[in-house]
Amino acid sequence: MNYPHPILAREGWPFIAAAVVAAILVVYFFGFAWSIPLWLIAIFVIQFFRDPPREVPGQANAVVSPADGRVVRVEKTLDPYTKADSLLVSVFMNVFNVHSNRSPVDGTIEHVEY
Numbered sequence: 067m068n069y070p071h072p073i074l075a076r077e078g079w080p081f082i083a084a085a086v087v088a089a090i091l092v093v094y095f096f097g098f099a100w101s102i103p104l105w106l107i108a109i110f111v112i113q114f115f116r117d118p119p120r121e122v123p124g125q126a127n128a129v130v131s132p133a134d135g136r137v138v139r140v141e142k143t144l145d146p147y148t149k150a151d152s153l154l155v156s157v158f159m160n161v162f163n164v165h166s167n168r169s170p171v172d173g174t175i176e177h178v179e180y
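For the sequence shown, the residue numbers in my numbering are 67 to 180.
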């Protein structure tokens, strides 16, 4: 598969670097035993920012989950931006899920607002 994204999300690199550098410094100045908690933190940070490839079904009108996790709520609501009736799907992501949201349907993103 030709996946255009890195294995780790680029937003995570500063956090990964900080965790690994801190662990290396503790190894250098205090020894490996004292650095074990920092290596565990570094491993956690790496797994938190992983961005594995996803298989998307090739069928027309397919809808997939936008995120890893557990669906905790599905309800009809009024979209505050379009003022149209919409379907709200809430997905709970625990710390071990991939924290990357994707488009659940085929299409083009024309506007992003935070």
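I should point out that these hints are in silico values taken from the structure, not numbers from a laboratory. Computed from a prediction, not measured in an experiment: that's the story for all the values here. Note that the Cβ used here is the ideal one computed from N, Cα and C, for glycine as well. Among the clues, some could well be false.
[Claimed, not checked] Okay, derived cross-link-like pairs now, SDA-like style, lysine to any residue, Cα gap no bigger than 20 angstroms in a straight line: (1) Lys142 - Asn160; (2) Lys149 - His177; (3) Lys142 - Ala126; (4) Lys142 - Asn163; (5) Lys149 - Arg136; (6) Lys142 - Phe158; (7) Lys142 - Pro123; (8) Lys142 - Gly124; (9) Lys142 - Glu176; (10) Lys142 - Val130; (11) Lys149 - Val178; (12) Lys149 - Ile175; (13) Lys142 - Val171; (14) Lys142 - Phe162; (15) Lys149 - Glu176; (16) Lys149 - Val130; (17) Lys142 - Gln125.
[To be verified] Restraint ranges, calculated between C-beta atoms of paired labels, are given here: (18) Phe81 - Ala128: 30 to 38 angstroms; (19) Ala128 - Val161: 24 to 32 angstroms; (20) Pro123 - Val157: 35 to 43 angstroms; (21) Trp79 - Val157: 42 to 50 angstroms; (22) Leu91 - Ala126: 34 to 42 angstroms; (23) Val122 - Tyr94: 42 to 50 angstroms.
Results for each hint:
Simply put, Lys142 and Asn160 have alpha-carbon atoms about 24 angstroms apart, too far for the 20 angstroms limit, and the pair is violated. Restraint check for Lys149 and His177: the C-alpha separation of about 16 angstroms stays at or below 20 angstroms, so the hint holds. Between Lys142 and Ala126 the CA atoms are separated by roughly 24 angstroms; this puts the pair beyond 20 angstroms, and the hint is violated. Under the criterion of a C-alpha separation no larger than 20 angstroms, the hint pairing Lys142 with Asn163 is inconsistent with the structure, at around 26 angstroms.
Using a Cα cut-off of 20 angstroms, the hinted pair Lys149 and Arg136 is violated, with the two alpha carbons roughly 27 angstroms apart. A C-alpha spacing of about 18 angstroms is found between Lys142 and Phe158, which places the hinted pair at or below 20 angstroms, so the restraint holds. About 26 angstroms separates the Cα atoms of Lys142 and Pro123, which puts this hinted pair outside 20 angstroms; it is violated. Restraint check for Lys142 and Gly124: the C-alpha separation of about 27 angstroms exceeds 20 angstroms, so the hint is violated.
The straight-line distance between the Cα atoms of Lys142 and Glu176 is roughly 23 angstroms, outside the 20 angstroms bound, and the hint therefore fails. Note on Lys142 and Val130: the hinted pairing holds, with a Cα-Cα distance of about 18 angstroms set against a maximum of 20 angstroms. Annotation: proposed proximity of Lys149 to Val178 holds, straight-line Cα distance about 16 angstroms (limit 20 angstroms). This hinted pair checks out: Lys149 and Ile175 have alpha carbons roughly 18 angstroms apart, not beyond 20 angstroms.
Distance check on the hinted pair: Lys142 and Val171 sit about 18 angstroms apart at the alpha-carbon level, within 20 angstroms; holds. About 29 angstroms separates the Cα atoms of Lys142 and Phe162, which puts this hinted pair outside 20 angstroms; it is violated. A threshold of 20 angstroms between alpha carbons decides the hint, and for Lys149 with Glu176 the separation of about 17 angstroms falls inside it, so the pair holds. Taking the CA atoms of Lys149 and Val130, the gap is near 24 angstroms; set against the 20 angstroms cutoff, the hint is violated.
This hinted pair does not check out: Lys142 and Gln125 have alpha carbons roughly 25 angstroms apart, beyond 20 angstroms. Between Phe81 and Ala128, the C-beta spacing of about 34 angstroms keeps the proposed range 30 to 38 angstroms intact. For the hinted restraint 24 to 32 angstroms between Ala128 and Val161, the CB-CB distance of approximately 29 angstroms keeps it satisfied. A beta carbon spacing of about 18 angstroms between Pro123 and Val157 contradicts the range 35 to 43 angstroms that was offered as a hint.
Between Trp79 and Val157 the CB atoms are about 25 angstroms apart, so this pair departs from the stated range of 42 to 50 angstroms. Checking the proposed 34 to 42 angstroms range against Leu91 and Ala126 shows it is violated: the Cβ atoms sit about 54 angstroms from each other. Remark: the range hint 42 to 50 angstroms for Val122 to Tyr94 is upheld by a beta-carbon distance near 45 angstroms.
Figure legend: structure checked against the earlier numbered hints; hints not met, in rising order: 1, 3, 4, 5, 7, 8, 9, 14, 16, 17, 20, 21 and 22.
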